[in-house]
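Asks: With the hints as your guide, set chain B onto chain Z.
2 protein chains.
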Amino acid sequence: MNRLYHVPLSPFCRKVRLVLAEKRIEVELIEERYWEREADFMRRNPAGKVPVLRMDGRVMSESQAICEYLDEVYPEPRLLPGTPAERCEARRLCFWFDDKFHAEVTSKLLYERVNKKVMGQGYPESRAVKAGSQAIKFHLDYMGWLLDQRRWLAGDVMTLADFAAAAHLSSLDYISDVDWNRNAVVKDWYAKIKSRPAFRNILADQVPGFPPPRHYANLDF
Amino acid sequence: MNRLYHVPLSPFCRKVRLVLAEKRIEVELIEERYWEREADFMRRNPAGKVPVLRMDGRVMSESQAICEYLDEVYPEPRLLPGTPAERCEARRLCFWFDDKFHAEVTSKLLYERVNKKVMGQGYPESRAVKAGSQAIKFHLDYMGWLLDQRRWLAGDVMTLADFAAAAHLSSLDYISDVDWNRNAVVKDWYAKIKSRPAFRNILADQVPGFPPPRHYANLDF
Numbered sequence: 001m002n003r004l005y006h007v008p009l010s011p012f013c014r015k016v017r018l019v020l021a022e023k024r025i026e027v028e029l030i031e032e033r034y035w036e037r038e039a040d041f042m043r044r045n046p047a048g049k050v051p052v053l054r055m056d057g058r059v060m061s062e063s064q065a066i067c068e069y070l071d072e073v074y075p076e077p078r079l080l081p082g083t084p085a086e087r088c089e090a091r092r093l094c095f096w097f098d099d100k101f102h103a104e105v106t107s108k109l110l111y112e113r114v115n116k117k118v119m120g121q122g123y124p125e126s127r128a129v130k131a132g133s134q135a136i137k138f139h140l141d142y143m144g145w146l147l148d149q150r151r152w153l154a155g156d157v158m159t160l161a162d163f164a165a166a167a168h169l170s171s172l173d174y175i176s177d178v179d180w181n182r183n184a185v186v187k188d189w190y191a192k193i194k195s196r197p198a199f200r201n202i203l204a205d206q207v208p209g210f211p212p213p214r215h216y217a218n219l220d221f
Numbered sequence: 001m002n003r004l005y006h007v008p009l010s011p012f013c014r015k016v017r018l019v020l021a022e023k024r025i026e027v028e029l030i031e032e033r034y035w036e037r038e039a040d041f042m043r044r045n046p047a048g049k050v051p052v053l054r055m056d057g058r059v060m061s062e063s064q065a066i067c068e069y070l071d072e073v074y075p076e077p078r079l080l081p082g083t084p085a086e087r088c089e090a091r092r093l094c095f096w097f098d099d100k101f102h103a104e105v106t107s108k109l110l111y112e113r114v115n116k117k118v119m120g121q122g123y124p125e126s127r128a129v130k131a132g133s134q135a136i137k138f139h140l141d142y143m144g145w146l147l148d149q150r151r152w153l154a155g156d157v158m159t160l161a162d163f164a165a166a167a168h169l170s171s172l173d174y175i176s177d178v179d180w181n182r183n184a185v186v187k188d189w190y191a192k193i194k195s196r197p198a199f200r201n202i203l204a205d206q207v208p209g210f211p212p213p214r215h216y217a218n219l220d221f
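Those protein sequence lines, which keep their order, are chains Z and B.
The UniProt record's numbering puts the first residue of the first sequence at 1, with every later residue one more than the last.
The UniProt record's numbering puts the first residue of the second sequence at 1, with every later residue one more than the last.
Just chain Z, same shape as in the assembly (with noise of 0.2 Å):
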């Protein structure tokens, strides 16, 4: 069986457990509790962080690597486009969120609010959250000024770049720190990928002690 090791709120792995869905692939889900650096996960992945996949005989990490090689061994649906210029687009965007879009408010909101208590490290810095709220709204606003030229973020096809801003999205979505209402393109686009089935999983996901809002769920949010 293909096991997934992760945790419920990381964007890297909800991009990787898109893709697998998206593709069809069965996983097994097992939370990694990364931060113990537990020896036989640090035999995984020296790293020592999540997801990590465990396929065709093979341990992998880090989410890029794992979705170009499903990209290449599993092409239905190929979530990489097809000229190389169309690729690259996909590809800085992928970047563009896992990289500044993680930095500048992934790693302020979510990992102030959640990710400190969850491991034991303390209380959320005030200016850091003020810092990621405040930062948030000029990605929403290039998003949407992506959106308004394409259909989805990389043009006009779906690509792994919607799926990670999706998992980043919605892994702050989780603790109502996306405003929706700012911009209506990008309210659009994530409706349209959120009622995918290979979100589901993602929507049923629980974090002990982080109830989920209602709207986190609900595809007419």
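Simulated from the structure, these hints should not be mistaken for lab results.
Possibly wrong hints are sitting among the right ones.
As the list claims (entries may be wrong) - If you want a taste of the chain Z side facing chain B, the calculated C-beta under 10 Å gives, among others:
(1) N2
(2) G48
(3) R58
(4) S61
(5) E62
(6) E68
(7) E72
(8) V73
(9) P84
(10) R87
(11) K100
(12) D148
(13) F210
To be verified - If you want the ones that stay clear, here's a sample from chain Z, every Cβ over 12 Å from chain B, calculated:
(14) D56
(15) Q64
(16) L70
(17) T83
(18) A90
(19) R92
(20) D99
(21) K116
(22) V118
(23) A128
(24) K130
(25) R182
(26) D188
(27) A191
Yeah, the Cβ is synthetic: ideal placement off N, Cα and C, and Gly gets one too.
Replies: Chain B alone, transformed into the frame defined by chain Z:
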């Protein structure tokens, strides 16, 4: 003419420069004071960072997306290996250096010692420098462990992972922050990659106010 907007010591720019040179693609290098967020530059890359490559009638950003594009369109020589599993391992290690090594080492040594001064952001924080000097030991040991089993970092052929690693290490070597005596196989690996023609341009870099040490450009270091 192809144009690369860059700064000399950025490991992300160096990775792209190495790939361009390895594929014998000529490019005009333009130094970009990206931290000044000048409007023209922000239009080229709203993420506000280098490298940015203008080529084939396109403007591309994010070093990994650029390198994947170059490898797809100019496949001679291939820098991502033949099978999906091998590519997954090469990409994993690219992210190892560009994410983990960058956060734990490059940002704590190079950015503290050089970037802060160049950008007028004050003095190095000694706690960060200490942490970086400590962390690089673990990374050199991990590289040594990989190279005990493989000829190159990701397997028996040279890949983009070697360039990603060499890009970070060469920038740190410019400020004498790599202890080449720690691990003989890592030193051998660096000597091999440093002596490639693609590396020449990088060994000729000069940053005003930061003269490189003698051994930096020496192939017999």
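Asks: So, for every hint listed, does it hold in this structure?
Replies: Tested hints:
1. For N2 (chain Z), the interface hint is violated, since its Cβ never comes within 10 Å of a Cβ in chain B; the closest pair sits about 15 Å apart.
2. With a cut of 10 Å, the hint placing G48 (chain Z) at the interface with chain B holds, because the nearest CB-to-CB distance is about 9 Å.
3. Contact between R58 (chain Z) and chain B, as hinted, is supported at the beta carbon level, the nearest pair being about 6 Å apart and thus within 10 Å.
4. With a least beta-carbon distance of about 6 Å to chain B, the hint placing S61 (chain Z) at the interface is held under the 10 Å criterion.
5. The criterion of a C-beta within 10 Å of any C-beta in chain B is met by E62 (chain Z), whose closest approach is roughly 4 Å, and the hint holds.
6. Because the smallest distance between the Cβ of E68 (chain Z) and any Cβ of chain B comes to about 6 Å, under 10 Å, the interface hint for this residue holds.
7. Checking E72 (chain Z) against chain B: minimum C-beta separation of about 4 Å stays under 10 Å; hint holds.
8. With a cut of 10 Å, the hint placing V73 (chain Z) at the interface with chain B holds, because the nearest CB-to-CB distance is about 5 Å.
9. Interface hint at P84 (chain Z): satisfied, since its Cβ lies 4 Å from the closest Cβ of chain B, which is below the 10 Å cut-off.
10. Hint status for R87 (chain Z) relative to chain B: holds, with the closest Cβ pair at about 7 Å, below 10 Å.
11. Given hint, K100 (chain Z) at the interface with chain B, holds; its Cβ is 5 Å from that chain's nearest Cβ, closer than 10 Å.
12. Interface restraint check: D148 (chain Z) against chain B, minimum CB-CB distance 14 Å, threshold 10 Å, status violated.
13. Because the beta carbon of F210 (chain Z) sits about 26 Å from the nearest beta carbon in chain B, more than 10 Å, this interface hint is broken.
14. For D56 (chain Z), the requirement that its beta carbon stay farther than 12 Å from each beta carbon of chain B is not met, with the minimum near 8 Å.
15. Once the 12 Å rule is applied to beta carbons, Q64 (chain Z) is inconsistent with being away from chain B; the minimum gap is 6 Å.
16. Taking the minimum C-beta to C-beta distance to chain B, about 9 Å, the non-interface status of L70 (chain Z) is violated against the 12 Å cut.
17. At roughly 9 Å, the least C-beta separation between T83 (chain Z) and chain B is not larger than 12 Å, which violates its mark as non-interface.
18. Its beta-carbon lying about 8 Å from the closest one in chain B, A90 (chain Z) breaks the requirement of being farther than 12 Å from that chain.
19. With a closest Cβ-Cβ approach of about 4 Å to chain B, R92 (chain Z) is found to fall inside the 12 Å limit, against its non-interface label.
20. Not every CB of chain B is more than 12 Å from the CB of D99 (chain Z) (nearest about 8 Å), against its label as outside the interface.
21. The Cβ of K116 (chain Z) sits about 18 Å from the closest Cβ of chain B, beyond the 12 Å cut-off, so the non-interface label holds.
22. Separation of V118 (chain Z) from chain B is adequate, the least Cβ-Cβ distance of about 21 Å exceeding the 12 Å criterion.
23. Listed as a non-interface residue, A128 (chain Z) keeps its Cβ farther than 12 Å from every Cβ of chain B; the least gap is roughly 16 Å.
24. Interface exclusion of K130 (chain Z) from chain B stands, the closest Cβ pair being 21 Å apart, more than 12 Å.
25. The claim that R182 (chain Z) is not at the interface with chain B holds, since no C-beta of that chain comes within 12 Å of its own (minimum 18 Å).
26. Non-interface call for D188 (chain Z) relative to chain B: holds, since the shortest CB-CB distance, roughly 22 Å, exceeds 12 Å.
27. The non-interface label for A191 (chain Z) is consistent with chain B: the shortest C-beta to C-beta separation is roughly 25 Å, beyond 12 Å.
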